[in-house]
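Peer 1: Residue numbers (my numbering), protein chains in the order written: chain C, 1 to 343; chain Y, 1001 to 1301; chain V, 2001 to 2657.
It is worth saying that the hints were derived from the structure and are not from the lab.
Quick reminder that beta carbons are idealized off the backbone N, C-alpha and C, glycines included.
Selected chain C positions facing chain V (in silico; Cβ < 7 Å):
(1) Y48
(2) M66
(3) N79
(4) I80
Next come the chains, spelled out residue by residue.
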Amino acid sequence: MQTAEKIKPSKFTPFWKIWPRVSQASTQAATLNSRNIYIIPTRWGLLYMVMLFAMLAGSINYTLSMGFAFTFLLASLANIAMLHTWRNLLHCQVQFLKAVPVFVGQNAMIELTITETKYRTRYAITAKFKANELDKKSKQPTSMHLATTEDITAATTQAFHSALKTQTRGLHRIPRLTLCTEFPLSLFYAWSYVDLNHDYLVYPTPASNTDFQPSSIAFSSQSNAENTTTNHQGDEDFSGHRPYQLGDTPKQINWKASSRGLGLLTKQYESFSPSLIHFSWADTAHFNLNYEQRISLLTRWVIDANQRKQRYGLNLPRGNIAPSNGEMHYHTCLKALALMETA
Amino acid sequence: MQKTIQSIIAATSQVILGKEQQIKLALACILARGHLLIEDQPGMGKTTLAHTLAQVLGLAFRRVQFTNDLLPTDVLGVSVYDAHISQFQFHAGPIFTNVLLADEINRATPKTQSALLEAMEEQQVTLDGKTYPLPNPFFVIATQNPKQHIGTFPLPESQLDRFLMRIEIGYPDYQSERLLLQTQNSTISAKPLHPCIDAATLLQMQQQISEIHVSEPLLDYLQALIQYSRNTYAVGLSPRAGLALKQCAQAWAAIHGRDYATPEDIQTVLSSVVEHRLASPSGEGQAQQIATQMLQSVAIA
Amino acid sequence: MSHAQTKLSLHHLQWLLVSLALILLLHAEHLPLWVILGSVSLGITRFFIEKNHWRLPKMLLLLPVTLLAGLGIGLTFHGLFGRDASLALLVIMLSLKLMETKTLRDYVLIIIAGYFLTANVFLFSQSILISSFSILPLVFLTATLIQISYRHSPLDWQFSLKLAGKLLLQAIPVMLILFILFPRIPGPLWGIPSDSYSGMTGLSDSLSFGNLNQLIKNGSIAFRVEFKGKLPQQQQLYWRGPVLWHQEGRHWRMRNLPENNSLPIENLTTTGEATHYIITLEPHNRTWLLMLDMPTYAPQDAKISHDYQVISQTPVRNRMRFEGVSYLQYQLGAHQTLSAREQTMALKIETNENPRTLALAQLWQTSKLSAVEKVNAALHKFRNEPFIYTLSPPILGDNPVDDFLFNTKKGFCEHYASSFVYLMRAAGVPARIVTGYQGGELNPNGNYMIVRQSDAHAWAEVWLQNQGWVRVDPTAAVSPDRIEQGISNALPEADELPFMIRPNNTWFSTLYLQWDAVNNGWNQWVLGYNEQKQLSVLSQLLGKHYRTSDIVFWLIATISTVMLITTYFLLRTTRKKQDALQKIYDLYLKKLKKIGITPSTTETATELATRVSLLHPTQQRLTDEIAETYNALRFGKHYESQYWDKLKRLIQEFSRK
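Looking at chain C on its own, in the form it has when it is part of the complex (with noise of 0.2 Å):
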């Protein structure tokens, strides 16, 4: 099982990581207080600086008061600006709510809050994870700037959607948040730093191929709820079509109406299938698969199951997961799924 791992100031963190003061959100919100805020001029903030030493220069070339008074008074608004700036973002109170699990490769969703304690709406303020993992073969950052931009209105509380690129399966540690504006002028950027202080889920890949189907197919003899003659969703007749949803295989697609601009479309055929399916991880070795693809294969079983509504158990090394239905035990299973140890 992949354990995520604080970031702590140990002697293997560069410093880069351990020097900035980051406010910690856990169970209570994180409020960034002046201690916490940075603020360097933008490059555009130095652009205006040489313009106001040009025109400095200027005046007193040509003893002009009036350039004079001119290029203090801009002197003097980068100055409240910078102050404005600062204060845009001083007193927010961050506070982590949930992460939606998703699919490797589907942006993770962090979703957190930023209240407004101070009588006074915050604009433009923008919450991104920086790039502050990389990945060792690629150098690539595992989290792009997937930024969200909101303003929080006086005394109230905003909810910001914060994308993560996701690129294994297991639980990751949220990296650090970085809370930023440049608003009123763009003259300068204030920022802060926010540990979340809590995982994020990613569940595997599902797999594509749905050649392998699994083998031991149960009937369930105490179901006396469900009748066995009901229709189900299955591959033997073409019922109908429903819109695309992530896990659908290529091959259900209907790819003639997308080609019509209609969208994705997934065909639905209806079978009579079982009521009561185990899923297990020795089912995966008949078939000549990796450790990972085996993992994938069933989250894929796992995914097709849910959408027939069918109930389903998941026998898998670490333990096993009763048969069940609905959202709560699929998530269930994709998340021990999830967490299967590395090869």
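Put chains Y and V on the given structure of chain C with help from the hints.
Peer 2: Just chains Y and V now, kept in the frame of chain C:
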């Protein structure tokens, strides 16, 4: 109106001992024109409460015990071919009444549950292409055993939303229990109850309650609560839930003889109104905490 | 950090275009028409490109247009580097830049260039009007910057304008500190384009028929004077400027030969009281300073020449303020004889022209008239023959003095002065022309005197034995009004005079004088705030012997203080506007805090009351009533004033206990 309400509560309290809060909530639910779901262990007096309320309010009362072989037609009614007049004749089911007590609703199959709940929502029954309106007032008091019980079909979230309130009765306190043990015989009801009002009065009271004043600051608070639930929980409160909160707060204010609702009214009914809508089906333990968390997080005005 | 490549919308473009249009308006006066039209049409084109989602023009098209525009500027201004040319170049280049503006980077670049362009207007004028108008583009540019900083959705226009105004207002305190304390380094740092002072008007170092009357028709201000004591009479107000010795045909010039400096300074004896005054001289790009006849004191960096001109070391290119001391009663060079060189210079004329004048002088010579008699004879001629004072004299022929004295007899001060001096020199009396200003208009609003270019004047000085150089004003002989009442009363109605200095325009001139008083203050305290003024202000603030480190200290200290105060006000929690009920209720909450009960925001009034009564059971009735009344007022409807009074009374009662 205040007097009437007090007499209803007093009369009911004679039967259900030491449960004034629950009686008030149930009454508030009825006054707010909502359906009530009572959830508790067997033997806690769920059925008694429902029965007593119907009697006190002077309403026609029918009771249906839900089992897993109960069919929709058993509740709604059925069209039977009458050989004499060579026509299908509709035989109204038990649902055609003022108060329907749906006992142990989660024992019935989803099909029957749906049939009942659709009738609840639309105040009418549609069978064989014909629509039969239900009497007015009409409301359902459903009782349900806790979900873990064997052989139950838990109501889906979408249908739970149709119940204005869900209340739990809970064990009686020491004194009430002693009184119960002393005075009542569990099988025979002590004395026949006289209705305090009739159906027409109830309709009139319901009308009055919808006129209870809800001020702007209170609506702000209500919206803040709704917004908080949407930001915080997997599924937030629906607009219907918001409306339900408002109606219940109005009814609660009326029960306490006020012509305006206050934040306390919302706070009191909040737990009963929102928890069955917000709690995830599995997480039984956290249901209690939801209302508390909301109240502690959302500022008033 | 910045998403430099972010594309911006039509909304942002509109803001940018409006800001640029305002800048263009600010500069319109100083731009050739084709540049204005070109910029406007470029702006309109850009607008429609964005609106209709057309494609921006390709570089291939823009490059030749840019070169063409540069060529156009070069041809219009005969070069690219003058003040006017570089302004026009900047404007047209910025307009062309619009055609490839689509990303955030381009927008910010244009806005920053826009700020710079706005500041450029002060090269042309620093008047109150222009300075006030320059605020408009400043606000709009800042609002555009705000709009651009708020990229995720369009921002309300009122909000951004208000915020821009607020930011600028908040910027003013630090601006003032910088303006007063920031060390003024004397310019220039580099060469100044030659056309920078082209607009300045004033006396010239030469006099010829017809060049002074252009000046007289100019209503602009030459200088302002504040008198410290008694005001001199109008006819004593001769402001001494260049003294002209050399005659070449119809031209008279100053002597600016190096050996002139070695001439001994003329001996001045004064009687009576000294007149003290302060002059604020408008820049005229010449070295002379104007003083009342006769100056005895030269300001710093200036000296008095031998013929009592006050000459500054550098041309007056900025408004200058200096003190003057003069004696109105004097004798110049009375107790000495003219040196041979002065004698030659003061008698030299070109004798190959003006035969009739020369003949007249010859006649006086042969009649053995004394110098005084010759002067009187000349003045008598002016007085008794039909000489007319007019600003529109007829054109004079080849022998201008003859023509004027014997034919046309129409002219103004320069005609009278130059022909008089010519006549005197021809008759053997040493004489010279003095130019300067005569008179002035008292501004009652500021208790100072305005001297305009239209007060320009020329008169003569003749050298008489034992009296020295004596001022003779031949114009006074012809038109005494000119000297006694000023030029506006001396001229026939038909003569074109600047509107400002015409008589019978009382309400307007009153208004004008008030406006001029404001301008005078502006000039002295804002525009005239130079290194000298700063020195005097600083020595008043910091004591006589302050050091540079003191200025730095005070700069840092005051700016930090202002910033701290600003930060305090910025961070002060501006609570929601409290209603009357909350105000009353807050008294109760305050009292509760004092007794150690902190109300929570998530707590209802009833809950709070319960909590209080748990701690203070005796107060239960009171707290319950407070909660009930508060709830009724807050959430109920139609609750009358008795409830208000009740709540107030209950809370007062509670506070007492």
